[in-house]
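Student: What follows is the residue order along each chain.
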Amino acid sequence: GENVEQHPSTLSVQEGDSAVIKCTYSDSASNYFPWYKQELGKGPQLIIDIRSNVGEKKDQRIAVTLNKTAKHFSLHITETQPEDSAVYFCWAGAGSYQLTFGKGTKLSVIP
Amino acid sequence: ETGVTQSPTHLIKTRGQQVTLRCSSQSGHNTVSWYQQALGQGPQFIFQYYREEENGRGNFPPRFSGLQFPNYSSELNVNALELDDSALYLCASSSNPKPTSVTQYFGPGTRLTVL
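Chains as they are written, first to last, in our numbering: chain A, 53 to 163; chain B, 19 to 133.
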């Protein structure tokens, strides 16, 4: 199955700064790359996703970039706010019914 | 908030016991997937149910079993509980079984502690 590595495992930023989380994957057939945010006591929620025919996608302060040649994709959060503090998970897949998540990045935004 | 609900919220069991966890899928969804999330780890896929049939399984032993009902709600059963089964159990519902095609909506999870 797909092997996904996520870095860093923890990230602390000052409010207003940017945060970047990176994931690498192994299966070149992967064509769908979502990012999930998990707040304390809640299940993961999809925040943004990208497909392999697109290099970048933005939604307000959140963006995802994809480099298929290097097999990595990144989540970018600009102008971070305290409510961005959570655990973020990436996923890479190619039609398998099985979601294989990265180990997660705990983001802390310091006011 | 998603329309996916799970019960109970928390559960404490002892080794060797059996447990049943429940999930109500979002309206209009026919697929439920179950995940185990150990502390500090990402969710691990257990299995998926689509139209009342098991439709894929992760690397979990047969003592993990499930059901899906005609209204598409689902149960996860774990027999002969082990200490390592302590985790947050998440269910996710979607409108079809392919996670690359549609968004999966997760419930809040059931925290299982095995003593």
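The hints are simulated quantities; they were obtained by calculation from the structure and are not laboratory data. It is possible that some hints are incorrect.
Stated by the list, open to error - Cut-off 20 Å, straight-line C-alpha distance, at most; resulting in silico cross-link-like pairs (EDC-like, lysine to aspartate or glutamate): (1) A/K74 - A/E131; (2) A/K158 - A/D136; (3) A/K89 - A/D79; (4) B/K116 - A/E131; (5) A/K123 - A/E108; (6) A/K155 - B/E93; (7) B/K116 - A/E135; (8) A/K158 - A/D69; (9) A/K155 - B/E72; (10) A/K158 - A/E67; (11) A/K158 - A/E135; (12) A/K155 - A/E131.
What the hints assert, rightly or not - Derived contacts from chain A toward chain B, CB cut-off under 8 Å, selection only: (13) S78; (14) A81; (15) Y84; (16) G93; (17) K94; (18) Q97; (19) L98; (20) F141; (21) F153; (22) G154; (23) K155; (24) G156.
The beta-carbon is built from N, C-alpha and C at its ideal position, and this holds for glycine as well.
Student: Determine for every hint whether it applies to the structure shown.
Tutor: The hints, checked one at a time:
With a C-alpha separation of about 18 Å, the suggested pairing of A/K74 with A/E131 holds against the 20 Å cut-off. For the suggested pair A/K158 and A/D136, the alpha carbons sit about 10 Å apart, so the restraint of at most 20 Å is met. Restraint check for A/K89 and A/D79: not satisfied, since their Cα atoms lie roughly 23 Å apart, outside the 20 Å limit. Between B/K116 and A/E131 the CA atoms are separated by roughly 34 Å; this puts the pair beyond 20 Å, and the hint is violated.
Straight-line distance between C-alpha atoms of A/K123 and A/E108 comes to about 14 Å, which keeps the hinted pair within the 20 Å bound. The straight-line distance between the Cα atoms of A/K155 and B/E93 is roughly 26 Å, outside the 20 Å bound, and the hint therefore fails. Restraint check: the Cα-Cα separation between B/K116 and A/E135 comes to about 31 Å, which exceeds 20 Å; the hinted pair is violated. Straight-line distance between C-alpha atoms of A/K158 and A/D69 comes to about 16 Å, which keeps the hinted pair within the 20 Å bound.
Note on A/K155 and B/E72: the hinted pairing is violated, with a Cα-Cα distance of about 26 Å set against a maximum of 20 Å. For the hint linking A/K158 to A/E67, the alpha-carbon distance of about 15 Å falls within 20 Å, and the restraint holds. Among the hinted pairs, A/K158 with A/E135 is consistent with the structure: their alpha-carbon atoms are about 13 Å apart, no more than 20 Å. At roughly 25 Å between alpha-carbon atoms, A/K155 and A/E131 are farther apart than 20 Å, so this suggested pair is violated.
At a threshold of 8 Å, the smallest CB-CB gap from A/S78 to chain B is about 16 Å, leaving the interface hint violated. With its C-beta approaching chain B no nearer than about 11 Å, A/A81 sits outside the 8 Å limit, and its interface hint is violated. With its C-beta approaching chain B no nearer than about 4 Å, A/Y84 sits inside the 8 Å limit, and its interface hint holds. Given the 8 Å rule on beta carbons, the hint for A/G93 holds: about 7 Å separates it from the nearest Cβ of chain B.
Proximity of A/K94 to chain B holds as hinted, the smallest CB-CB distance being about 5 Å (cut-off 8 Å). Contact between A/Q97 and chain B, as hinted, is supported at the beta carbon level, the nearest pair being about 7 Å apart and thus within 8 Å. For A/L98, the interface hint holds, the least distance from its beta-carbon to any beta-carbon of chain B being 5 Å, beneath 8 Å. Checking A/F141 against chain B by beta carbon gives a least distance of about 5 Å; that is within 8 Å, so the hint holds.
A least Cβ separation of about 3 Å between A/F153 and chain B falls short of the 8 Å threshold, and the interface hint therefore holds. The interface hint given for A/G154 holds, since its Cβ lies 6 Å from the closest Cβ of chain B, which is under the 8 Å cut-off. For the restraint placing A/K155 at the interface with chain B, the shortest Cβ-Cβ distance is roughly 5 Å, inside the 8 Å limit, so the hint holds. Interface hint at A/G156: satisfied, since its Cβ lies 5 Å from the closest Cβ of chain B, which is below the 8 Å cut-off.
Against the hints set out earlier in the document, violations occur for numbers 3, 4, 6, 7, 9, 12, 13 and 14.
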